[in-house]
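Can you build the whole structure from these sequences, using the hints too?
Using my numbering, you'd call the opening residue of the sequence shown number -9 and step up by one each time.
Treat the hints as calculated values from the structure; they're not laboratory data.
Do not rely on the hints blindly, as some may be mistaken.
Label-pair ranges, simulated between beta-carbon atoms [claimed, not checked]: (1) K43 / E164: 30 to 40 Å; (2) G11 / D149: 40 to 50 Å; (3) P37 / D72: 32 to 42 Å; (4) S110 / E16: 36 to 46 Å; (5) E39 / A147: 34 to 44 Å; (6) K(-8) / E70: 15 to 25 Å; (7) D(-6) / K113: 31 to 41 Å; (8) R12 / S110: 21 to 31 Å; (9) G126 / E184: 15 to 25 Å.
List of simulated lysine-lysine pairs, DSBU-like, C-alpha gap at most 30 Å [unchecked claim]: (10) K42 / K96; (11) K113 / K96; (12) K106 / K87; (13) K106 / K54; (14) K42 / K87; (15) K96 / K199; (16) K106 / K96; (17) K43 / K87; (18) K41 / K(-4); (19) K(-4) / K87; (20) K42 / K(-8); (21) K(-8) / K41; (22) K(-4) / K106; (23) K113 / K(-8); (24) K87 / K199; (25) K(-8) / K34; (26) K34 / K106; (27) K106 / K43; (28) K34 / K54; (29) K(-8) / K54; (30) K106 / K42; (31) K199 / K(-4); (32) K54 / K42; (33) K(-4) / K160; (34) K160 / K54; (35) K87 / K160; (36) K42 / K199; (37) K54 / K43; (38) K199 / K43; (39) K(-4) / K34; (40) K43 / K113.
Just so you know, these numbers come straight off a predicted model, no measurement behind them.
Don't be surprised by glycine CBs; every beta carbon is placed ideally from N, CA and C.
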Amino acid sequence: MKVDPKQLTLYAVTDRTWLNGRTLEEAVEEAIRGGATFVQLRDKNEPYEVKKKTAIALQSLCRKYGVPFVIDDDVELAAEVDADGVHVGQDDMAYEKAREILGEGKIIGVTAHNLKEAVSAWKQGADYIGSGAAFGSSTKTDADCIDREEYGRITSAVDIPVVAIGGINKDNIEQLYGYGLAGASIISGIFAAENIEETCRELRALAEKLPEQNLK
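Put into structure tokens, the structure is as follows:
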């Protein structure tokens, strides 16, 4: 397995919206220092050269701290900068094509909104699944909330780690206990925080309990 489930405990997904004078690299480093275990660059609105420069900087930073680094959607960029992998959605490049480009040694995570999509991703060879939206999403306004019981069905059916995504923060993460999740993927719950490092410290402690709970 290319991904240890513990590496997915606190999965930070970047967003420039709430930087408040910080650079993205500074914000990500604060998150890692606070306990983020995995980093995804999500930078859909930036020009390619800006994304490439940021990706190179974040890859270097994550390697310094021993944290896996993947890029959202852009398989070609992930290959160009030698990122640890990529995360693809249902409407992005197909898993098979992404694997062909990146090779067997790289991480490929796949978004799944339900059991059928999750099982399909697992059978194709995905390394982990991001499933949601758990509580809606501030970045994807059209994201439908997943039935909480569906998490239990997904984690019982697939033999790869599953992380919850969508609107998760320190006030609601405990509602995800008991469904066999490996971790939580968080955007604004991390990067909108005034003190990112302290917030990640709190989130990490809460997220570590996700896989400890028995399935309901």
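Outcome of the hint check:
1. K43 / E164: 30 to 40 Å: 38 Å, holds
2. G11 / D149: 40 to 50 Å: Given about 44 Å between the Cβ atoms, the range holds.
3. P37 / D72: 32 to 42 Å: With a Cβ separation near 20 Å, P37 and D72 fall outside 32 to 42 Å, so the hint is violated.
4. S110 / E16: 36 to 46 Å: 38 Å, holds
5. E39 / A147: 34 to 44 Å: 41 Å, holds
6. K(-8) / E70: 15 to 25 Å: 20 Å, holds
7. D(-6) / K113: 31 to 41 Å: 21 Å, violated
8. R12 / S110: 21 to 31 Å: 38 Å, violated
9. G126 / E184: 15 to 25 Å: Distance hint for G126, E184 holds at roughly 22 Å.
10. K42 / K96: 18 Å, holds
11. K113 / K96: 17 Å, holds
12. K106 / K87: 20 Å, holds
13. K106 / K54: Since the Cα atoms of K106 and K54 sit roughly 38 Å apart, the hinted pair is violated (cutoff 30 Å).
14. K42 / K87: The hint holds at about 21 Å.
15. K96 / K199: 27 Å, holds
16. K106 / K96: 24 Å, holds
17. K43 / K87: 24 Å, holds
18. K41 / K(-4): Roughly 28 Å between the alpha carbons, so the hint for K41 and K(-4) holds.
19. K(-4) / K87: Status holds; Cα separation ~27 Å.
20. K42 / K(-8): Holds. K42 to K(-8) sits at ~24 Å (cutoff 30 Å).
21. K(-8) / K41: Within the cut-off at roughly 25 Å; holds.
22. K(-4) / K106: Status holds; Cα separation ~25 Å.
23. K113 / K(-8): Holds: K113 and K(-8) sit about 16 Å apart, inside 30 Å.
24. K87 / K199: 35 Å, violated
25. K(-8) / K34: It holds: about 26 Å lies between the C-alpha atoms, which stays within 30 Å.
26. K34 / K106: 27 Å, holds
27. K106 / K43: 37 Å, violated
28. K34 / K54: Roughly 25 Å separates the two Cα atoms, so the pair holds.
29. K(-8) / K54: 19 Å, holds
30. K106 / K42: Violated, because 34 Å separates the two Cα atoms, which is more than 30 Å.
31. K199 / K(-4): Given pair K199, K(-4) holds - Cα atoms ~11 Å apart, limit 30 Å.
32. K54 / K42: Holds. K54 to K42 sits at ~18 Å (cutoff 30 Å).
33. K(-4) / K160: Measuring from Cα to Cα gives roughly 19 Å; hence the hint holds.
34. K160 / K54: 27 Å, holds
35. K87 / K160: With a Cα-Cα distance of about 36 Å, the restraint between K87 and K160 is violated, given a limit of 30 Å.
36. K42 / K199: The hint is violated at about 35 Å.
37. K54 / K43: Between K54 and K43 the Cα gap is close to 17 Å, so the pair holds against 30 Å.
38. K199 / K43: 35 Å, violated
39. K(-4) / K34: 27 Å, holds
40. K43 / K113: 34 Å, violated
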